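> Can you build the whole structure from these sequences, using the hints too?
Respectively, the protein sequence lines represent chains A and B.
Position one of the first sequence corresponds to residue 4 (my numbering), numbered consecutively onward.
Position one of the second sequence corresponds to residue 508 (my numbering), numbered consecutively onward.
Fair warning: there could be bad hints in the mix.
As the list claims (entries may be wrong) - With a straight-line cut-off of 20 angstroms between C-alpha atoms, the simulated DMTMM-like cross-links for lysine to aspartate or glutamate are:
#1 K44/A to D30/A
#2 K44/A to E595/B
#3 K556/B to E107/A
#4 K565/B to D68/A
What the hints assert, rightly or not - From chain A, some residues computed to sit far from chain B (all C-beta separations above 10 angstroms):
#5 K17
#6 S18
#7 E25
#8 R27
#9 L47
#10 E55
#11 D68
#12 F70
#13 T78
#14 T85
#15 V118
Calculated directly from the structure, the hints in this document are not laboratory data.
As the structure is a prediction and not an experimental result, all values here were calculated from the model.
Each residue gets a CB set at the ideal place from its N, CA and C atoms; glycine is no exception.
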Amino acid sequence: GAVVSQHPSRVICKSGTSVKIECRSLDFQATTMFWYRQFPKQSLMLMATSNEGSKATYEQGVEKDKFLINHASLTLSTLTVTSAHPEDSSFYICSAPQGVVGTEAFFGQGTRLTVV
Amino acid sequence: AQSVTQLGSHVSVSEGALVLLRCNYSSSVPPYLFWYVQYPNQGLQLLLKYTTGATLVKGINGFEAEFKKSETSFHLTKPSAHMSDAAEYFCAVSEGSGFQKLVFGTGTRLLVSP
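In structure tokens:
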């Protein structure tokens, strides 16, 4: 099946710094990618839709100036958590749909962000 | 808007017993339905999906699910649990007409005892 690679898998950063997370589709092109966030013992919540060549679409309640998304190419989307705070500590995971009909979204391995 | 309800945040079974994880959905359009498994600190792995056609869907690792439109359900089953099945399971519905966004349930943790 298709592969989506997410990097890094774990990151610890100091409060106030920024962290960039990459999501790559390794063997297919993805004009759209999705970024989810998962708090401990909770479900995944969609944060934003990353669109190649245009601005990302953010879900209600997600600060677009804090979570910067750039879909630089058909195989790469990045999420930058700016001025991170401890409450931003979470599991971030991306997905990319693939296929002619596109009935499946492939997920990256996820990134565990800890802000200290 | 679409939504997913997973009854039971935890389900405990003995090894070899039947696994039943419940999922009900709400959708104003014909849904695409998915079950994903998540092992600790890992991403999501697709178990199975329903798009159209046969309502009984078979997935990996011996899991299957049946789409019941009249009951708006998509319960996940496995005849005989294995220790390696212990994980978090998420049911999801595709928002809109296709695959673009997934709305997830709150997840069910499956515990398998010897």
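> Taking the hints in turn, state whether each one holds.
Verification of the supplied hints:
1. K44/A to D30/A: Roughly 32 angstroms separates the two Cα atoms, so the pair is violated.
2. K44/A to E595/B: Distance of about 9 angstroms is within 20 angstroms: holds.
3. K556/B to E107/A: It holds: about 8 angstroms lies between the C-alpha atoms, which stays within 20 angstroms.
4. K565/B to D68/A: At roughly 43 angstroms apart (the allowed maximum being 20 angstroms), D68/A and K565/B break the hint.
5. K17: holds, 22 angstroms
6. S18: Label holds. Min Cβ-Cβ 23 angstroms, cutoff 10 angstroms.
7. E25: holds, 14 angstroms
8. R27: holds, 13 angstroms
9. L47: Not fine: 5 angstroms to the nearest Cβ puts L47/A too close to chain B.
10. E55: With a cut-off of 10 angstroms, E55/A remains clear of chain B, as the shortest Cβ separation is near 14 angstroms.
11. D68: Answer for D68/A: holds, closest chain B Cβ roughly 22 angstroms.
12. F70: holds, 17 angstroms
13. T78: holds, 18 angstroms
14. T85: Per Cβ check, T85/A is outside 10 angstroms of chain B; nearest 24 angstroms; holds.
15. V118: The assertion about V118/A holds, with a minimum of 17 angstroms to chain B.
Violated hints, listed in ascending order, are 1, 4 and 9; each of the other numbered hints is respected by the structure.
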